[in-house]
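Undergrad: So the sequence lines, in the order shown, correspond to chains C and V.
Residue numbers for the first sequence follow the numbering used here, so the first one is 46 and each next one is one higher.
Residue numbers for the second sequence follow the numbering used here, so the first one is 38 and each next one is one higher.
Don't read these hints as lab results, they were simulated from the structure.
Some clues are possibly wrong.
[Stated by the list, open to error] Chain C residues, not near chain V, derived (Cβ > 12 angstroms throughout):
no. : residue
1   : Ala242
2   : Gly358
3   : Ala436
4   : Leu446
5   : Gly508
6   : Phe545
[Said to hold, decoys possible] Not the full set, but computed from the structure, chain V residues with beta-carbon under 10 angstroms of chain C:
no. : residue
7   : Arg177
8   : Ala178
9   : Gly222
Each residue gets a CB set at the ideal place from its N, CA and C atoms; glycine is no exception.
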Amino acid sequence: MTLPSGDSSAGTSPSSSSGPGPVSGPGSGPVPLPMPRVPPRKFAAAARTALADTRLRRNLAAATAALRERRAAAAAEAGDWEELRAAGQAIKDGTLLNLDAHLLELERAVTAAGGTVHWAVDAAAARRVVTRLLRGTGETEVLTMRSPVLREIRLDEALARAGIAARPAGVADLVVGLDADDRPAHPLFPAMHRDPAQIRELFARRLPGAPADLPDDAGALAEAARIHLRGGALAARAAVCGAGLLVAETGTAVLFDSGGDGRVCPVLPETLITVAGIEEIVPTWEDLEVFLQLLPRSAAGRRMGAAVSTWTGVTPDDGPAAFHLVLLDNGRTSVLADEAGRAALRCVRCTACLDVCPVYERTGGDPYGPVHPGPIGAVLTPLMRGVEGAADASLPYASTLCGACADVCPVRIDLPDLLVHLRGKVIESRRRRPVPTPELAMMRALAWTLGDRRRYEAALRRGTRWARLLARGGRIRRLPGLLGKWTEARDVPAPPAESFRAWWRGRTGAGGRR
Amino acid sequence: MSARDTVLARVREALGAARGTRVPVPRDYRVRLTGEEAPTRADVVALFTERVAENGATVRHVGADGLATAIAAALWAREAKRIIAPADLPFGWLAGLEEVHAQADSPLLDPAALDGLDGVVTGCAVAVARTGTIVLDGGRAQGRRALTLVPDYHLCVVHADQIVGTVPEAVARLDPARPLTWISGPSMTEDVGLERVPGPHGPRALDVFVVDE
């Protein structure tokens, strides 16, 4: 069994082992994990680039404000918004608690309708399945439609390694793809951080066939992109896309995207590969009536997406002859195992929580890492990947806990509550380290000091003296050492010369002086 | 252990004792239009007309006997000389055409060939008033999905009795086994500055003819 470029058959279920430990099973073509171009950084460090870019911040602020307004209007117009949210929450909760049964039901229905179901325990396994399927078609080009799941598994990098060119279906993917240093700012509107003038400049430099006198109005730019994108879509013989929802009962996949560009994927190519998280299921066809109302209004503030596609397996003489559904775990079962965190898997990836978030509005999507941006990303990423890594552990702190996200969530995920839950997990995980973190050491020292009146008063006296030495004009602008991080964004008022305790003692002792 | 068994075992282990718990779904949302939105059947059709227009399509009411003339006039106005239609399009719909080459769909036509055509004429499966949406299911008079995706102009005939009030009513009428396309207006993208402009895929012009019974 030594096949160097082994594309030997693998059945419905690729024999890929889980985790980093065991070597990948035989038959799966070697797709080495591409190294990330930059090592994962903590949220605050990663956000610095975005925060320093005033143009990006202005564009993000304008776009998120517009989306907030539209979404609020769309939700208000529905009239029965709260009833729909309650139904959406209950449907997803019920799905998650019976997930194994629904997954099997889905597999049966998709297979019966002529599709093939594959399972992937992690991102690497999903990359292997997709590249193996694409190699099997012999195609060197593939049509791709943006999807949070495809970004999560870093499919683009794997395709590049495998020598398969990804042709984007949507305008925004084209824009982001033309600049190697750019990253999508938003799952639904990846080019939202760029204004038309920037896109014009990019097209003029990088887009083949773009006219030199391209104006910077949206219509002309979309037209230039259209000519380019249509060429790729009409010639495409294979496509990879995500799915908005999967109906277990019928085996139906639902593709929902704000503009409707994704609709080419399940129609024109011969082979369609859909990658979906195992939590993207709803049990019955009837349940779609809830999400076809919740999703469009939550995602882009519309009554309905411009084009929504649903398909069940393959249809003779209409659309792809082969349909592959890749069901991805990649940490979702870890989220499911967390009784409190489980609620985060209700998420239908609508992005409503991003646009209301005061943190996201300023940083954009990139600092949140590959899984998902915004408050839901700050919850899902550490739940899926654990809080041991510094970058993942920093995400639950990328929030002001203002609660706006929980108010707009169409499936009523209590995001602030989950963020606090995760902050607790971060602290717990650090407590187990052999060498305590500076924060923990300081907290222990504080606990010791505050535990005794004399120790506390002595510390107060000494602290006051030092603090007053640092103060200028009644304010401390920089604290020394690690405490300096706290004063990066704020001043501390200088403590008064006399503490309340000292004053109180003096007052009673001197029989009411002052 | 296959990936499938691994994932399923992890799901079962993660759920533990909670596995299999039923969660009652409160379905208190509206399944039909309220009396305020549309007091009569005629108001449902009127709401559909209004919402389709808001989605950026051109919408017109025609009588059953005036349909062929109206289709011919619309194709003339759009300068559509070469059009395609599903093979099972009612014969009378295209009876009024002059100087238009109308072709019945055949599986031999690949996307590039469809791209060379000026437009497509179809019917629909269901239409939703509240959202201004037309649903195509590949059934009678609709053809395969590529027909209504590649050509740049789509003329869609909607019979008044195909219009339902809400999304739940439409979902109940539709067959999940068929490939569905829910179209709300012509092709669009908001990827440049969140401004709604014609998008890369799908017809950039959509005419909807509502046939009153």
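Undergrad: If a hint holds in the structure, say so; if it doesn't, say that too.
TA: Each hint, compared with the structure:
With a least beta-carbon separation of about 9 angstroms from chain V, alanine 242 (chain C) fails to lie farther than 12 angstroms from that chain, contradicting its non-interface assignment. Chain V draws glycine 358 (chain C) into its interface by the beta-carbon criterion, the shortest separation being 8 angstroms against a cut-off of 12 angstroms. For alanine 436 (chain C), the condition that its CB be more than 12 angstroms from all CB atoms of chain V holds, with the nearest at approximately 24 angstroms. The claim that leucine 446 (chain C) lies off the interface holds: its Cβ sits roughly 27 angstroms from the closest Cβ of chain V, which is beyond the 12 angstroms cut-off.
Against chain V, the non-interface label of glycine 508 (chain C) holds: every CB pair exceeds 12 angstroms, the least being about 48 angstroms. The non-interface label for phenylalanine 545 (chain C) is consistent with chain V: the shortest C-beta to C-beta separation is roughly 51 angstroms, beyond 12 angstroms. With a least beta-carbon distance of about 14 angstroms to chain C, the hint placing arginine 177 (chain V) at the interface is violated under the 10 angstroms criterion. This hint is violated: alanine 178 (chain V) has a C-beta 15 angstroms from the nearest C-beta of chain C, more than the 10 angstroms allowed.
Proximity of glycine 222 (chain V) to chain C holds as hinted, the smallest CB-CB distance being about 6 angstroms (cut-off 10 angstroms).
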